[in-house]
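Those protein sequences? They're chains A and B, same order as listed. For the first sequence, our numbering gives the first residue as 22, with consecutive numbering after it. For the second sequence, our numbering gives the first residue as 205, with consecutive numbering after it.
Rather than coming from a laboratory, the hints here were simulated on the basis of the structure. Please note: incorrect hints may appear among the correct ones.
Unchecked claim - These stretches of chain A come out as covered by chain B in the derived footprint (C-beta under 8 Å, 3 or more residues):
1. 43-54
2. 65-74
3. 292-298
To be verified - As a list, the in silico DSS-like pairs of lysine-lysine whose alpha-carbon atoms are at most 25 Å apart:
4. B:Lys-230 <-> A:Lys-43
5. A:Lys-43 <-> B:Lys-233
6. B:Lys-299 <-> A:Lys-35
7. B:Lys-233 <-> A:Lys-35
8. B:Lys-373 <-> A:Lys-218
9. A:Lys-105 <-> B:Lys-248
10. A:Lys-43 <-> B:Lys-295
11. A:Lys-218 <-> B:Lys-370
12. A:Lys-296 <-> B:Lys-370
13. A:Lys-35 <-> B:Lys-323
14. B:Lys-387 <-> A:Lys-35
15. A:Lys-133 <-> B:Lys-233
16. A:Lys-297 <-> B:Lys-370
17. A:Lys-296 <-> B:Lys-248
18. A:Lys-35 <-> B:Lys-292
19. A:Lys-43 <-> B:Lys-248
20. B:Lys-295 <-> A:Lys-133
21. A:Lys-297 <-> B:Lys-376
22. B:Lys-239 <-> A:Lys-297
23. A:Lys-35 <-> B:Lys-230
24. B:Lys-295 <-> A:Lys-35
25. B:Lys-292 <-> A:Lys-43
26. B:Lys-239 <-> B:Lys-360
27. A:Lys-133 <-> B:Lys-248
28. A:Lys-218 <-> B:Lys-295
29. B:Lys-360 <-> A:Lys-218
30. A:Lys-218 <-> B:Lys-248
31. A:Lys-218 <-> B:Lys-368
Said to hold, decoys possible - Chain B side only, calculated, beta carbon under 10 Å to chain A, not exhaustive:
32. Lys-230
33. Thr-251
34. Leu-256
35. Val-265
36. Lys-276
37. Met-279
38. Glu-289
39. Val-367
Model, not experiment: these values are computed from the prediction. All residues carry an ideal CB built from backbone N, CA and C; glycine is no exception.
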Amino acid sequence: MATTIRAQDGDLLKNLDSEPPKEFVTNAFKSSRVIMGHSMEMIGAGVLDFRILHRFGPTDQGIYDLFGLDQASMRIGFDYGLNKDLTIGFGRSTLGKEFDGFIKYRVVQQSKGINSFPFSIIFAVGSTVSTLKNFDSVKKSFESRVAYYYQGIIGRKFNSRLSLQVSPILLYRNFVEADDKNATLSLGFGGRYKLSKRVAFVLDYFMNVNGFPKEKFENPLSVGVDIETGGHVFQLHFSNAAGMNERAFIAGTTGSWGKGELRFGFNLSRVFTIKKRPSTN
Amino acid sequence: MKAAINTMVLILISVVAFSQGMYYTKTGKVSFYSKAPLEDIEAKNRTATSVLNITTGQVEVSIPMKGFEFEKALMQEHFNENYVESDKFPKASFKGIINDLSKTDLSVNGKYTATIDGKLTLHGETRYITTPVTFTNENGSIRAVAEFTVALEDYKISVPSIVKDKIGKDVKILIEFNYEGLKH
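Please put together the full structure from these sequences, using the hints given.
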């Protein structure tokens with residue numbers, strides 16, 4: 022009874038306890054990939070993401086190769102969102118005639134309000150299989166063509182423009198060269214900064230912590246822009262990596278930024294809503 | 205002492221009177237529809253909060269923009285990211301007053317049609333609107349239903365030229381609130 026009720030103009034709503042409800046943070050990245058690696062973003066329930074990736078040749082070959090555009094390697098792939106926290110996907114790259122598949126699960130989604138959580142936590146598990154005829158003359162078994170990866174992603178959308186993530190990844194290749202190691206640990210860093218409603222700057226870097234010989238391989242660094250036009254997202258970028266799956270870009274990058282051995286590339290993503298959300302009437 | 209008691213009683217009476225005049229909802233339903241050549245756009249929100257004072261006729265509404273749910277995840281993303289910019293403008297609000305309150309005694313059971321004048325703030329832009337509202341008082345809970353149209357242009361919600369033909373210029377908004385008495 023002692024509660025005074027104020028009903029002056031303009032603050033009627035103050036009569037209600039205004040505990041902000043829990044609200045999930047969405048749209049940290051435009052795409053489910055930062056550039057090369059998985060991002061903290063999921064594609065949504067019942068959504069099919071048709072992805073066409075291109076990596077061109079080294080730009081330092083000059084005008085004769087039109088700065089690498091004469092040579093293109095590609096990956097074609099499909100991702101499907103089983104629910105808002107679970108995505109499966111597969112693809113095939115021309116490089117190494119390699120198939121890849123993955124399962125990506127969001128354990129926690131960043132949220133605001135009561136019982137909020139400041140980060141999104143995601144796990145991705147994937148595998149690659151090379152189908153090259155002459156994969157290796159000595160080890161001809163199927164197992165030797167296979168590699169696996171296990172990745173964790175911890176990310177946060179700091180504000181409407183800035184999102185950052187850290188993504189440690191363990192890559193295990195069943196078959197490696199004599200001077201190489203089967204298990205490679207790499208630490209991924211990804212970020213996006215929105216420049217406008219539909220354009221964002223993105224950066225994707227993997228720092229190889231141990232594993233294969235450092236004199237032979239480089240850490241993949243990619244920088245680019247995401248451009249969103251309705252149902253399409255175009256990711257245009259420059260990278261020293263040519264690979265388009267985790268095995269290929271983590272353990273197969275030989276180009277060096279220092280020497281200007283860069284490639285132009287793009288990811289094209291087109292989403293289709295396969296299963297509509299049930300009407301909440 | 206007697207004066208003090210009198211004052212106390214007066215305060216109590218006025219508080220009681222006020223509480224009886226106040227109604228609220230935290231689960232107000234707001235839907236919108238936009239007819240467009242390519243596909244119809246439709247979304248529902250059940251998280252609007254509102255307070256209605258039937259003694260003064262004042263109404264206030266607050267609508268969290270992220271509470272709108274679309275059939276398609278991509279539409280919802282575009283709505284929040286590109287059109288209403290929910291991070292920048294998280295809430296739409298309305299402050300208004302019932303016209304001709306003398307003809308609309310909402311404390312009595314029955315169905316009433318009234319008009320409400322007020323200020324609608326959406327996407328950071330405020331415009332005056334007038335809309336008819338149907339109130340139904342059924343044993344102390346008041347249902348309010350209203351339908352009106354807003355022009356996207358008025359609220360500076362810009363539609364990129366490449367999809368201009370695919371998205372309607374006007375959006376029809378449907379309000380369905382079930383108010384309960386506010387007790388303190």
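Hint-by-hint comparison with the structure:
1. 43-54: holds (count 3)
2. 65-74: holds (count 4)
3. 292-298: holds (count 4)
4. B:Lys-230 <-> A:Lys-43: holds (14 Å)
5. A:Lys-43 <-> B:Lys-233: Roughly 18 Å between the alpha carbons, so the hint for Lys-43 of chain A and Lys-233 of chain B holds.
6. B:Lys-299 <-> A:Lys-35: With Cα atoms ~13 Å apart, Lys-299 of chain B and Lys-35 of chain A stay inside 25 Å; holds.
7. B:Lys-233 <-> A:Lys-35: The hint holds at about 20 Å.
8. B:Lys-373 <-> A:Lys-218: holds (20 Å)
9. A:Lys-105 <-> B:Lys-248: holds (19 Å)
10. A:Lys-43 <-> B:Lys-295: holds (15 Å)
11. A:Lys-218 <-> B:Lys-370: Given that 25 Å is the threshold and the Cα spacing comes to 19 Å, the pair holds.
12. A:Lys-296 <-> B:Lys-370: holds (22 Å)
13. A:Lys-35 <-> B:Lys-323: holds (18 Å)
14. B:Lys-387 <-> A:Lys-35: The hint holds at about 14 Å.
15. A:Lys-133 <-> B:Lys-233: holds (22 Å)
16. A:Lys-297 <-> B:Lys-370: holds (20 Å)
17. A:Lys-296 <-> B:Lys-248: holds (18 Å)
18. A:Lys-35 <-> B:Lys-292: holds (22 Å)
19. A:Lys-43 <-> B:Lys-248: holds (18 Å)
20. B:Lys-295 <-> A:Lys-133: holds (15 Å)
21. A:Lys-297 <-> B:Lys-376: At roughly 22 Å apart (the allowed maximum being 25 Å), Lys-376 of chain B and Lys-297 of chain A satisfy the hint.
22. B:Lys-239 <-> A:Lys-297: It holds: about 18 Å lies between the C-alpha atoms, which stays within 25 Å.
23. A:Lys-35 <-> B:Lys-230: holds (13 Å)
24. B:Lys-295 <-> A:Lys-35: At roughly 15 Å apart (the allowed maximum being 25 Å), Lys-35 of chain A and Lys-295 of chain B satisfy the hint.
25. B:Lys-292 <-> A:Lys-43: holds (18 Å)
26. B:Lys-239 <-> B:Lys-360: Distance of about 19 Å is within 25 Å: holds.
27. A:Lys-133 <-> B:Lys-248: Given that 25 Å is the threshold and the Cα spacing comes to 21 Å, the pair holds.
28. A:Lys-218 <-> B:Lys-295: holds (19 Å)
29. B:Lys-360 <-> A:Lys-218: holds (14 Å)
30. A:Lys-218 <-> B:Lys-248: holds (24 Å)
31. A:Lys-218 <-> B:Lys-368: holds (17 Å)
32. Lys-230: holds (7 Å)
33. Thr-251: This hint holds: Thr-251 of chain B lies near chain A, its Cβ roughly 7 Å from the closest one there, short of 10 Å.
34. Leu-256: At about 8 Å, which falls below the 10 Å cut-off, the nearest Cβ of chain A leaves the hint on Leu-256 of chain B intact, so it holds.
35. Val-265: holds (8 Å)
36. Lys-276: At about 5 Å, which falls below the 10 Å cut-off, the nearest Cβ of chain A leaves the hint on Lys-276 of chain B intact, so it holds.
37. Met-279: holds (8 Å)
38. Glu-289: holds (8 Å)
39. Val-367: Since the shortest Cβ distance to chain A is 6 Å, the answer is holds.
Violation of the numbered hints given earlier is absent; every hint is satisfied by the structure.
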